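My request is simple: use the sequences and hints to build the entire structure.
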Amino acid sequence: MKQLSLFLCGLILWCNAKALETDSVRTPHFNYKAVLVPAALMVSGVLLNSNNPESVKNEIVEFRNNHMPNFRAKIDDYLQFSPIAMAYGLDAMGVASKNPAQTRSFLLLKGEVLAIGSSFLLKNICRQVRPDGSGFNSFPSGHTTQAFAAATFLSEEYKSRYPWVPYAAYGVATSVGALRMANNKHYISDVLFGAGLGILAMKTPYWLKQKKHSAIPQW
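Here the working numbering is used: the first residue of the sequence shown is 1, the next is one more, and so on.
Keep in mind that a hint or two might mislead.
Unchecked claim - Across the chosen pairs, the derived CB separations fall in these ranges:
1) Asn70 x Phe106: 37 to 47 Å
2) Phe136 x Lys98: 31 to 41 Å
3) Asn65 x Ala101: 43 to 53 Å
4) Ser134 x Glu59: 44 to 54 Å
5) Asn51 x Phe71: 18 to 28 Å
6) Asn51 x Val95: 39 to 49 Å
7) Met93 x Asn52: 43 to 53 Å
8) Pro163 x Pro53: 37 to 47 Å
Hints were generated in silico from the structure; no laboratory data involved. Here the structure is a predicted model, which is why all the values come from computation and not from measurement. C-beta: ideal position from N, C-alpha, C; glycine also.
Next comes the structure, spelled out in structure tokens:
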């Protein structure tokens with residue numbers, strides 16, 4: 001399963017690189033460092049996804065079970081969508097985003113399709129059991145993928161105007177990942193991979209849009 005996950009991780013990154021290849025020829029200063037953050041998160045998730053009882057992911061679950069066995073919270077079910085709600089809320093209050101409403105919504109739709117589709121596919125291929133034993137769809141974390149995709153959307157639309165927005169958006173997304181582990185629904189490997197997948201999925205339509213207009217994507 002680890003080898004398959006590594007292959008899929010590499011395939012996703014390769015597809016994004018190929019999609020941007022033409023742009024990098026026209027704009028030789030294309031910032032490939034933009035791919036490093038999601039790639040590092042995804043690779044870290046794969047490397048930590050060991051089923052050895054002494055592995056890092058299982059040690060974290062053991063710590064959780066020993067110190068907070070009765071913890072239950074459902075706020076992560078809602079927090080995962082909150083950056084999207086904030087983006088449209090700001091727009092409703094007259095705070096203009098980077099893109100007009102129709103363009104912004106189309107970018108969001110494409111990013112969501114990539115994020116949800118990739119997460120669903122990997123869950124069904126990997127069939128990783130959840131730490132609480134409630135199912136075989138642990139890897140990657142769908143909630144975390146969604147949260148980081150939404151955070152990336154909010155960041156892309158408002159970071160130029162409000163530099164603090166990415167910190168708030170990714171802070172919320174990180175709390176979703178932490179809550180998934182606290183609820184004993186996911187391992188740290190699921191959360192790390194989901195975070196990288198969500199960022200990459202939502203970044204992709206923005207990169208392609210910039211490619212169309214011969215712009216250089218920046219973090």
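Now the hints, each set against the structure:
A hinted range of 37 to 47 Å for the beta carbons of asparagine 70 and phenylalanine 106 is consistent with their spacing of about 44 Å. Taking the beta carbon of each, phenylalanine 136 and lysine 98 are about 40 Å apart, inside 31 to 41 Å as hinted. With their beta carbons about 46 Å apart, asparagine 65 and alanine 101 fall inside the hinted range of 43 to 53 Å. For serine 134 paired with glutamate 59, a C-beta distance near 20 Å fails the hint of 44 to 54 Å.
Checked against the hint of 18 to 28 Å, the pair asparagine 51 and phenylalanine 71 passes, with Cβ atoms roughly 23 Å apart. Our hint of 39 to 49 Å for asparagine 51 and valine 95 holds, since their Cβ atoms are close to 47 Å apart. Our hint of 43 to 53 Å for methionine 93 and asparagine 52 holds, since their Cβ atoms are close to 50 Å apart. For proline 163 and proline 53, the hinted distance range of 37 to 47 Å is satisfied, since their beta carbons lie about 44 Å from each other.
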